[in-house]
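K.L.:
Spelled out, the chains give:
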Amino acid sequence: MFISKRFLKYLIILVILIIPTVVTFNDCKLYKEPIGSITTVHTEKMPLKHGASDQTYKQTLTIKLMNTSDVGNSYKYKNSYTTSQFATTQYRKGQCVFLKTNVAAKNGGYGENGLKIIGQKYDYIWAFMISLLVCLLFAIAGRRAVLIIASLSMNLIVFALGMQKIIRFKDLEMLTLCMTSIFIVASLIILYGFSKKSFGAILSSSTTVLMVFGLYMLIVHFSGRIEYEYIDYANISEPIEQLYISSLIFSLLGAVMDVSITINSTVNEIVMKAGQSTLSNIVKSIKGVSNDIMGTMINVMFFTFVGDEIPIYILKMSNGYDIITLFSNGAVFEIIRLLIGAIGIVLAVPVSGFFAVILRHKMIVKKGA
Amino acid sequence: MIIFVLLMILLFLLGIIGDERGVASMFTFLGNIVVFFVSLIAIFRTGNIYAVTFVAIMGFLLLTLFAQNGFNKKTISAFSAIIVILSIVGIFSVILIKISSMAGFGEMYIYDEEVAFLENKIGISAQSLLVASILIGILGAITDTALSVSSTMYEVYEHNPALDAGELNRSGKHVGWDILGTTFSTLVFAEIGQGFFIWLIFAKNKYTFISLINSKSFLQQTFLIIMASLGSLLIIPLTSRITAKILTAKK
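Taken in order, these protein sequences are the chains called L and V.
FYI, in the working numbering the residues of the first sequence are 1 to 369.
FYI, in the working numbering the residues of the second sequence are 1 to 251.
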């Protein structure tokens, strides 16, 4: 029977996508914590209280235990949620939930046998999303997908290991420096191999990050005390200032590396392929490319940073915060992060141009002559 | 004070490094901030999250694509691809958010003293707000990717108008593959930095791999980056195809 290559490719993608999702959806028996599957849901709309902005709903759930010695037993569970669902949850049939059993009613047991839902099972959502991403990456980027996955995995492993050291709160500056160096070198070498282009991008990225760090320290020195204790999720008993500076450096790394490799690649292509390449031609090309990428790169940082915060901003505004108050406490630090990132992107252009030209100096002189 | 100083430094650097287009980038950036503020107020006042998000996205694209790069074949191709990908990722996000009930407070919110004491029954759906935040959050990454692909294809076609749609399409995909790695890195590092204090709490509480992948806060924290990566991936072949068709339309 004839099966086209394209059909086979999509079939493999479908199988890779479905298997991890189905396996993780049905892996309850591998967990020690009690897990239940919601088999029936009955929802009742409650009368709207006078002046209330949220409608309340009451749910009666049937939860079937999927593991432990009581596997197969079903229990009734009462849940209530409101339309905004910030602190409450609407459960649906088929969802799997982590349970606590034998919880005393006064401690929050809401079901038969003192049952309490303590969280949801999300592993199958992760399996689905990661499989989808990997499949698409291979389908669209081909062999290059291996390099991208290797680079991302390497960075995530270094970050996870680094965090284990960071929480000891010792030698934070040295740790940040080491992690930053590994991030830059590993990402660029894995993605672009050992080449002049990578070497130039490593030098450019490292120098830019150091310059931005120096600039920030200088501004902080002359701006007076910054109230770092307003940073969201910060613990005032920890060295918040040093931690915030580390976070600033990490957040601009990706964008700076992106600009550095683009400029180094451009100079490389011009020197290798153009018949005659004078220094002024190269500088003109660097300006052209940088004008194309700077604006959109700054926007990538802007949208990524503000997108995450929308639900919290609306919640705060609903609690009487005006725009000025909203951006005068914790959000100040996000604005600083955004501006530092943008400055990093812009500074990376001349720095990368400088290193790209210096590294190819002999060739430029030869071709320009 | 520090924000004012940083803003002045950025404006100065954009002016000397990027010339008039650099200053235009700065005004686009400031324009986007204004659109963002206005859309926050509009969501809060009207409660009509999806309509406001749609108008805000159009405003962002008008500034980022057309005001900054002009109304031409490159930007029209990028715009068409962005709208299609936003629709796909939007629908996909709604489905995932609904089936997983991932909106609302994760377990980490108790560590944010300011938020923990706020009145949360506000009459605005946390699920719809999460969808809006995903759509706006991925906009930068997919616009950057789409514009890079369409701009390069335009340059290639200008230098060699004899190329047919198929060859142009392949050229666009090659460019897309080249920039994917760094686009992913930009997104990942932006998230590492932004969520740094939450990552610290995860580390201090000794979350294992299994507890991480079952954590609502962890899923919320990374969902935007996954959707942005998905959007950046999908937009490459689509932009290549649309740009190739538009550029070779007269043939």
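No wet-lab data here; the hints were simulated from the structure.
This structure is a prediction, so every number in the text was calculated from the model and none was measured.
A few of these clues could be false.
To give an idea of the interface, some chain V residues facing chain L are shown, with a C-beta separation under 7 Å as derived from the structure [what the hints assert, rightly or not]:
| id | residue |
| --- | --- |
| 1 | Ile3 |
| 2 | Phe4 |
| 3 | Ile16 |
| 4 | Ile88 |
| 5 | Gly104 |
| 6 | Ile110 |
| 7 | Ala116 |
| 8 | Phe117 |
| 9 | Ala141 |
| 10 | Gly181 |
| 11 | Phe209 |
| 12 | Leu212 |
Simulated restraints on C-beta separations [stated by the list, open to error]:
| id | chain 1 | residue 1 | chain 2 | residue 2 | range |
| --- | --- | --- | --- | --- | --- |
| 13 | V | Asp164 | L | Met363 | 13 to 23 Å |
| 14 | L | Ser74 | V | Lys245 | 40 to 50 Å |
| 15 | L | Gln242 | V | Lys245 | 33 to 43 Å |
We put the CB at the ideal spot given by N, CA and C, even for glycine.
K.L.:
Hint by hint, note whether the structure agrees.
P.N.:
Evaluation of the provided hints:
1. Ile3: Holds, about 6 Å.
2. Phe4: violated (9 Å)
3. Ile16: violated (9 Å)
4. Ile88: Interface hint status for isoleucine 88 of chain V: violated (12 Å vs cutoff 7 Å).
5. Gly104: holds (5 Å)
6. Ile110: violated (10 Å)
7. Ala116: Status violated, d = 10 Å.
8. Phe117: Hint violated; phenylalanine 117 of chain V Cβ to chain L Cβ min 9 Å, cut 7 Å.
9. Ala141: Holds - the Cβ of alanine 141 of chain V comes within 7 Å of chain L, reaching about 5 Å at its closest.
10. Gly181: holds (4 Å)
11. Phe209: Given a least distance of 9 Å, the restraint on phenylalanine 209 of chain V is violated.
12. Leu212: It is violated, given that the least Cβ distance between leucine 212 of chain V and chain L is near 9 Å, above 7 Å.
13. V:Asp164 with L:Met363: 13 to 23 Å: violated (35 Å)
14. L:Ser74 with V:Lys245: 40 to 50 Å: violated (56 Å)
15. L:Gln242 with V:Lys245: 33 to 43 Å: violated (53 Å)
Violated hints for the displayed structure, listed by number in ascending order: 2, 3, 4, 6, 7, 8, 11, 12, 13, 14 and 15.
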